[in-house]
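J.: Sequence order for the protein chains is A and B.
Mapped onto our numbering, the consecutive letters of the first sequence carry residue numbers 1 to 107.
Mapped onto our numbering, the consecutive letters of the second sequence carry residue numbers 108 to 334.
Hints are computed from structural coordinates only; laboratory data are not their basis.
For each residue, glycine too, the CB sits at the ideal point set by N, CA and C.
Some clues are possibly wrong.
Unchecked claim - Away from chain B, derived, C-beta distances all over 12 Å, residues of chain A:
{"id": "1", "residue": "N7"}
{"id": "2", "residue": "K17"}
{"id": "3", "residue": "S47"}
{"id": "4", "residue": "G56"}
{"id": "5", "residue": "K72"}
{"id": "6", "residue": "G74"}
{"id": "7", "residue": "F102"}
{"id": "8", "residue": "E104"}
Unchecked claim - Simulated restraints on C-beta separations:
{"id": "9", "chain 1": "A", "residue 1": "W31", "chain 2": "B", "residue 2": "L139", "range": "42 to 52 Å"}
{"id": "10", "chain 1": "A", "residue 1": "G48", "chain 2": "B", "residue 2": "L267", "range": "28 to 38 Å"}
{"id": "11", "chain 1": "B", "residue 1": "E144", "chain 2": "A", "residue 2": "F78", "range": "27 to 37 Å"}
{"id": "12", "chain 1": "B", "residue 1": "K279", "chain 2": "A", "residue 2": "E18", "range": "37 to 47 Å"}
{"id": "13", "chain 1": "A", "residue 1": "E18", "chain 2": "B", "residue 2": "P333", "range": "21 to 31 Å"}
{"id": "14", "chain 1": "B", "residue 1": "T326", "chain 2": "A", "residue 2": "W31", "range": "43 to 53 Å"}
{"id": "15", "chain 1": "A", "residue 1": "E18", "chain 2": "B", "residue 2": "L139", "range": "20 to 30 Å"}
{"id": "16", "chain 1": "B", "residue 1": "K172", "chain 2": "A", "residue 2": "A107", "range": "14 to 24 Å"}
{"id": "17", "chain 1": "B", "residue 1": "E230", "chain 2": "A", "residue 2": "K20", "range": "23 to 33 Å"}
{"id": "18", "chain 1": "B", "residue 1": "S277", "chain 2": "A", "residue 2": "A107", "range": "34 to 44 Å"}
{"id": "19", "chain 1": "B", "residue 1": "K279", "chain 2": "A", "residue 2": "S33", "range": "36 to 46 Å"}
{"id": "20", "chain 1": "A", "residue 1": "E10", "chain 2": "B", "residue 2": "G292", "range": "20 to 30 Å"}
{"id": "21", "chain 1": "A", "residue 1": "F78", "chain 2": "B", "residue 2": "R159", "range": "40 to 50 Å"}
{"id": "22", "chain 1": "B", "residue 1": "L139", "chain 2": "A", "residue 2": "N46", "range": "43 to 53 Å"}
Unchecked claim - Pairs of lysine to aspartate or glutamate residues, derived as DMTMM-like cross-links and limited to a Cα-Cα distance of at most 20 Å, are as follows:
{"id": "23", "chain 1": "B", "residue 1": "K172", "chain 2": "B", "residue 2": "E137"}
{"id": "24", "chain 1": "A", "residue 1": "K49", "chain 2": "B", "residue 2": "D110"}
{"id": "25", "chain 1": "B", "residue 1": "K162", "chain 2": "B", "residue 2": "D242"}
{"id": "26", "chain 1": "A", "residue 1": "K49", "chain 2": "A", "residue 2": "E66"}
{"id": "27", "chain 1": "B", "residue 1": "K312", "chain 2": "B", "residue 2": "D297"}
{"id": "28", "chain 1": "A", "residue 1": "K72", "chain 2": "B", "residue 2": "D110"}
{"id": "29", "chain 1": "A", "residue 1": "K20", "chain 2": "B", "residue 2": "D110"}
{"id": "30", "chain 1": "A", "residue 1": "K98", "chain 2": "A", "residue 2": "E65"}
{"id": "31", "chain 1": "B", "residue 1": "K123", "chain 2": "B", "residue 2": "D206"}
{"id": "32", "chain 1": "B", "residue 1": "K279", "chain 2": "B", "residue 2": "D242"}
{"id": "33", "chain 1": "B", "residue 1": "K278", "chain 2": "A", "residue 2": "E60"}
{"id": "34", "chain 1": "B", "residue 1": "K109", "chain 2": "A", "residue 2": "D80"}
{"id": "35", "chain 1": "B", "residue 1": "K109", "chain 2": "A", "residue 2": "E75"}
{"id": "36", "chain 1": "B", "residue 1": "K123", "chain 2": "A", "residue 2": "E18"}
{"id": "37", "chain 1": "A", "residue 1": "K20", "chain 2": "A", "residue 2": "E10"}
{"id": "38", "chain 1": "A", "residue 1": "K98", "chain 2": "A", "residue 2": "E75"}
{"id": "39", "chain 1": "B", "residue 1": "K162", "chain 2": "A", "residue 2": "D73"}
{"id": "40", "chain 1": "B", "residue 1": "K172", "chain 2": "A", "residue 2": "E65"}
Read off the chains here:
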Amino acid sequence: MTAEADNVLEQIAAWRKEGKGVALATVVTTWGSSPRPVGSQLAVDNSGKFVGSVSGGCIEGAVVEEALAAIKDGETRFLDFGVTNEQAWEVGLACGGKVQVFVERVA
Amino acid sequence: MKDATLQQILADQAAKRAVVLATDLASGDERLVYPHEAGNDPLLGEAQAAARLDKSGVVEHDGAKVFLNVYNPPLRLIIVGAVHIAQPLARMAAMTGYDVTVVDPRAAFASEERFPGVTVMTEWPDDAMATLAPDARTAIVTLTHDPKLDDPALEVALRLPVFYIGALGSKKTHNARLYRLGKAGFSDADMARICGPVGLAIGAKSPAEIAVAVLAQITERLRQPPV
């Protein structure tokens, strides 16, 4: 039986085949307690559908917003989330950890 | 990420080939590094370390921050004994991210009806092990409690750096097993690698509950290996 976990990349390939705009968000750094390890990924299509995760649900909404912007302008983004960064971002991590997320368009 | 890069990673995953994606976090430039192949990529050494530890992360290279994302082939679970417990264990392990192979030379047990969609080998366990070449990302569990089937598999497993070895059977069965393996030349330290009776002690009764206990113990050995 084949491993079923993590089919984020396969979903991206399927969306791209349908001609959709797609962005990929990847956890690149974590400090303290963080719900998803470095390398965790979330993919977003141009309608806002998403698969995968970069946290336990705390920051997905903000990441999806940035991903949609990246699909439009093609720029990469580097996002910082954490309890010490509440001014910079509206959302934080209730667990007290910090994560950095890299967002890029797939093209 | 470029579409071509995505397609190449998917092809590597289908071929069970480890690959590391190196992305410059400032420019977004990316390239693939193959940790198990010779090459002269300046990041090869760091990609090899990342793949070995199965740990993605940011490295500094020539003043640039580069993210190394490791795409290792899936972890593997080899189940010896196509018994009732193997049915839920194969499905749960696949959900957890393992490539599962069930080994049992008894055709009545190792049937397609009992294991739909599961890779089943009907060779004797020692022959099957030679084919499968278990490595440090492989777990092995024996479930037949028949020494003719379990022991050859365990004797192969104990000579390999697999991260988990479990053997079903009561304390009495397990002690008899250890006695036989000792006679076969294995040391106490070797045999201490075998988790037996198998699974975390959570009072599991049904085959599915025992599968949960076994998969929990495999997870523990993977994520919190004994020092």
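J.: Hints first: check each against the structure and report whether it holds.
T.: Hints and how they fare:
1. N7: violated (10 Å)
2. K17: violated (10 Å)
3. S47: holds (19 Å)
4. G56: holds (17 Å)
5. K72: holds (16 Å)
6. G74: violated (9 Å)
7. F102: violated (6 Å)
8. E104: Incorrect as stated: the minimum Cβ-Cβ distance to chain B is 6 Å, not above 12 Å.
9. W31(A) / L139(B): 42 to 52 Å: Violated - the Cβ-Cβ distance for W31(A) and L139(B), about 28 Å, lies outside 42 to 52 Å.
10. G48(A) / L267(B): 28 to 38 Å: Violated, since G48(A) and L267(B) (Cβ atoms, about 47 Å apart) do not stay within the stated range.
11. E144(B) / F78(A): 27 to 37 Å: holds (31 Å)
12. K279(B) / E18(A): 37 to 47 Å: Violated, since K279(B) and E18(A) (Cβ atoms, about 59 Å apart) do not stay within the stated range.
13. E18(A) / P333(B): 21 to 31 Å: violated (48 Å)
14. T326(B) / W31(A): 43 to 53 Å: Because 24 Å falls outside the window, the suggested range is violated.
15. E18(A) / L139(B): 20 to 30 Å: holds (25 Å)
16. K172(B) / A107(A): 14 to 24 Å: holds (22 Å)
17. E230(B) / K20(A): 23 to 33 Å: Once the Cβ atoms are compared, 45 Å apart, the range 23 to 33 Å for K20(A) and E230(B) is violated.
18. S277(B) / A107(A): 34 to 44 Å: violated (59 Å)
19. K279(B) / S33(A): 36 to 46 Å: Roughly 43 Å apart at Cβ, these two residues keep to the hinted range, so it holds.
20. E10(A) / G292(B): 20 to 30 Å: Violated - the Cβ-Cβ distance for E10(A) and G292(B), about 46 Å, lies outside 20 to 30 Å.
21. F78(A) / R159(B): 40 to 50 Å: violated (27 Å)
22. L139(B) / N46(A): 43 to 53 Å: violated (26 Å)
23. K172(B) / E137(B): Holds, at about 12 Å.
24. K49(A) / D110(B): holds (19 Å)
25. K162(B) / D242(B): Holds, at roughly 17 Å.
26. K49(A) / E66(A): holds (13 Å)
27. K312(B) / D297(B): violated (29 Å)
28. K72(A) / D110(B): Measuring from Cα to Cα gives roughly 17 Å; hence the hint holds.
29. K20(A) / D110(B): It holds: about 12 Å lies between the C-alpha atoms, which stays within 20 Å.
30. K98(A) / E65(A): Holds, at about 19 Å.
31. K123(B) / D206(B): holds (10 Å)
32. K279(B) / D242(B): violated (30 Å)
33. K278(B) / E60(A): violated (48 Å)
34. K109(B) / D80(A): The hint is violated at about 24 Å.
35. K109(B) / E75(A): Status holds; Cα separation ~13 Å.
36. K123(B) / E18(A): violated (26 Å)
37. K20(A) / E10(A): holds (14 Å)
38. K98(A) / E75(A): violated (23 Å)
39. K162(B) / D73(A): violated (31 Å)
40. K172(B) / E65(A): Outside the cut-off at roughly 25 Å; violated.
Hints 1, 2, 6, 7, 8, 9, 10, 12, 13, 14, 17, 18, 20, 21, 22, 27, 32, 33, 34, 36, 38, 39 and 40, counting from the list given before, are not met by this structure.
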